[in-house]
Amino acid sequence: MAATWFSAPAPVTRRVRAYFAPVNRAAQTPVLFDPSEQGRLSLDAPPSPWISLGWIQDFMRKPASKSAPLLTGIPAAPLEQVRETLQAQVSFQFLSWTKLTMALATGSQHMNLLAPATGAAAAADGAQAIPAVTPQSGSTSTSILLATADAAKFTAGSMIAVDADYTGQTGFVGVPIAGAYARQALTDVDYIRRVTFNVALVTQAGATGLTLAEPLPGGAPAVGAKLQVVTGFVDREGGSFYQEWSALFVMQGSQGERIFFYYPRLQTMTGAEEAITPLNGKSQNGQSRVLLKGQFLALSVTDPLDGERVVCYRSFLPAANALV
Amino acid sequence: MQNAKDSFYMTLRTRLTVIDPERTILLRGSVRPGILVEEAEAPFSQFPNDVFVLRWLGMAADMDLASTMVAEQCEIVYQTCGTQSFGGLDRGRALSAMDQELMAMVQPFYTPKLNYVATPPAAMLTQVFWDEPVFAPIVVQRDRLSRSASVMVYSYQEQGE
Chain A
1181 MAATWFSAPA
1191 PVTRRVRAYF
1201 APVNRAAQTP
1211 VLFDPSEQGR
1221 LSLDAPPSPW
1231 ISLGWIQDFM
1241 RKPASKSAPL
1251 LTGIPAAPLE
1261 QVRETLQAQV
1271 SFQFLSWTKL
1281 TMALATGSQH
1291 MNLLAPATGA
1301 AAAADGAQAI
1311 PAVTPQSGST
1321 STSILLATAD
1331 AAKFTAGSMI
1341 AVDADYTGQT
1351 GFVGVPIAGA
1361 YARQALTDVD
1371 YIRRVTFNVA
1381 LVTQAGATGL
1391 TLAEPLPGGA
1401 PAVGAKLQVV
1411 TGFVDREGGS
1421 FYQEWSALFV
1431 MQGSQGERIF
1441 FYYPRLQTMT
1451 GAEEAITPLN
1461 GKSQNGQSRV
1471 LLKGQFLALS
1481 VTDPLDGERV
1491 VCYRSFLPAA
1501 NALV
Chain B
281 MQNAKDSFYM
291 TLRTRLTVID
301 PERTILLRGS
311 VRPGILVEEA
321 EAPFSQFPND
331 VFVLRWLGMA
341 ADMDLASTMV
351 AEQCEIVYQT
361 CGTQSFGGLD
371 RGRALSAMDQ
381 ELMAMVQPFY
391 TPKLNYVATP
401 PAAMLTQVFW
411 DEPVFAPIVV
421 QRDRLSRSAS
431 VMVYSYQEQG
441 E
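Those sequence lines, one after another, are chains A and B.
Going left to right, the first sequence walks through residues 1181 to 1504 as my numbering numbers them.
Going left to right, the second sequence walks through residues 281 to 441 as my numbering numbers them.
Since the hints were derived computationally from the structure, they do not count as laboratory data.
Remember, it's a predicted structure, so these values are computed and weren't measured experimentally.
Cβ coordinates follow ideal geometry from the N, Cα and C atoms, glycine included.
Please note that the accuracy of each hint is not assured.
Covered stretches of chain B (in silico footprint by chain A; criterion: 3 or more residues with CB under 8 Å from a CB of chain A, positions within the stretch not fixed) [to be verified]:
{"no.": "1", "segment": "284-298"}
{"no.": "2", "segment": "343-350"}
Per label pair, the in silico range of CB-to-CB distance [said to hold, decoys possible]:
{"no.": "3", "chain 1": "B", "residue 1": "Met343", "chain 2": "A", "residue 2": "Phe1496", "range": "22 to 28 Å"}
{"no.": "4", "chain 1": "B", "residue 1": "Gln439", "chain 2": "A", "residue 2": "Glu1417", "range": "55 to 61 Å"}
{"no.": "5", "chain 1": "A", "residue 1": "Thr1335", "chain 2": "B", "residue 2": "Arg312", "range": "47 to 53 Å"}
{"no.": "6", "chain 1": "B", "residue 1": "Thr297", "chain 2": "A", "residue 2": "Gly1351", "range": "55 to 61 Å"}
{"no.": "7", "chain 1": "A", "residue 1": "Gln1267", "chain 2": "B", "residue 2": "Arg373", "range": "53 to 59 Å"}
{"no.": "8", "chain 1": "B", "residue 1": "Asp370", "chain 2": "A", "residue 2": "Pro1229", "range": "45 to 51 Å"}
{"no.": "9", "chain 1": "A", "residue 1": "Ser1480", "chain 2": "B", "residue 2": "Gln380", "range": "45 to 51 Å"}
{"no.": "10", "chain 1": "B", "residue 1": "Glu412", "chain 2": "A", "residue 2": "Lys1242", "range": "50 to 56 Å"}
{"no.": "11", "chain 1": "A", "residue 1": "Pro1229", "chain 2": "B", "residue 2": "Glu319", "range": "47 to 53 Å"}
{"no.": "12", "chain 1": "A", "residue 1": "Gln1384", "chain 2": "B", "residue 2": "Gln380", "range": "27 to 33 Å"}
{"no.": "13", "chain 1": "A", "residue 1": "Pro1395", "chain 2": "B", "residue 2": "Met343", "range": "49 to 55 Å"}
{"no.": "14", "chain 1": "B", "residue 1": "Phe324", "chain 2": "A", "residue 2": "Thr1184", "range": "35 to 41 Å"}
{"no.": "15", "chain 1": "A", "residue 1": "Val1504", "chain 2": "B", "residue 2": "Arg373", "range": "50 to 56 Å"}
Far from chain B, some chain A residues (derived; all Cβ distances over 10 Å) [stated by the list, open to error]:
{"no.": "16", "residue": "Trp1185"}
{"no.": "17", "residue": "Asp1238"}
{"no.": "18", "residue": "Ala1300"}
{"no.": "19", "residue": "Pro1395"}
{"no.": "20", "residue": "Leu1477"}
{"no.": "21", "residue": "Val1490"}
{"no.": "22", "residue": "Ala1499"}
Produce the entire structure from the sequences given, and follow the hints as far as they go.
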């Protein structure tokens, strides 16, 4: 059967969507994105472990690699080019404030504010917390089974953090998402739950357990995991930890074409910063939206195809029937 | 261009039947979804209430592209006096309901382009796409509230168009 075709002009898009997936920090293994197999992914339901962060704005890619000519002869003239440095940066603004967007937009570790114990001494990143409770076997990523006495400690609308007790380990903390790097043994048994990304909103609290609005990013609670109420989030300017994630940015064209920017390893490169945007451009003194600004440095990986070191892959899936 | 206009209208009409199946109009002896194209009907002395009326206005073309892109401005006009059962006191709510339906109808902001001259309609190669609607202020005429929303509709000209 013959196919008809059309000459497609440059893609027209409305906005950019962002997806992030955790890099295995200990093994320095990024999450792969294969456009040949995953290029037609559902933008609303990306394949695991990619997490949709929704629309972003002011998406800017800045290649910072430098090339230099190899000069020969008299007068000297370029004979070849060599790549002196390999570097790229990405910046954009998140349109929502969530655990993950806050973490990505801060230059350091991001922590959960655990519900404080009665009478606990004040601390800038959260006082000593109410002791954690243990989920019962049979819990899933969206349903936490609890003993009746423990279930009574939670209410619908509260947030929870689910992860293991801290037992003095050093190095990257948090599985499968590293939330911090412990340089020395700490004393806070709740430390992992303070930095974990395994958080969720409780939609129903009953006598036998909790129902969650969204699945826990880490899946069903692992053996040894416990949960605590989270009241909010906090991050700090300073520290030595850098967030590192694999990132995928998608532009969906008006004709169904797709442009992908896949960064295997992105590290946050600036401290926490916000952008203030008036809701009504004609009234600068009116209500304003506070957006999280993210700026990232792309780290290199070695492409197993040919051993080249790269920092980003740009893919294009043309529209159906478009001339190539 | 006509294919793009037809596709845009038929898409909104199809979506409206899902969003609000009860919004209908008796027109030329048949009950239809409550959305129509002004230029495809007999002239109105006054637009019907509780119905979306599409009116095509401005047009522009970019002929420097690999395929000519045409932009057409569609004004969507709607008005209401509320319901008799509430003596028209619900006219503000009725207009808000139509605002909401229009916002739902235009999403997603694209649709395949079809040739409705053929029966059944023939799929073409490109898609029609549009911007978010720009809503105008409410106009009050006695007990009638009306509003218009402007949508810029884009399409690429294909061979034979």
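field: Enumerated hints in conflict with the structure, sorted upward
entry: Hints 1, 10, 16 and 22 are the ones this structure does not satisfy, whereas the remaining hints hold.
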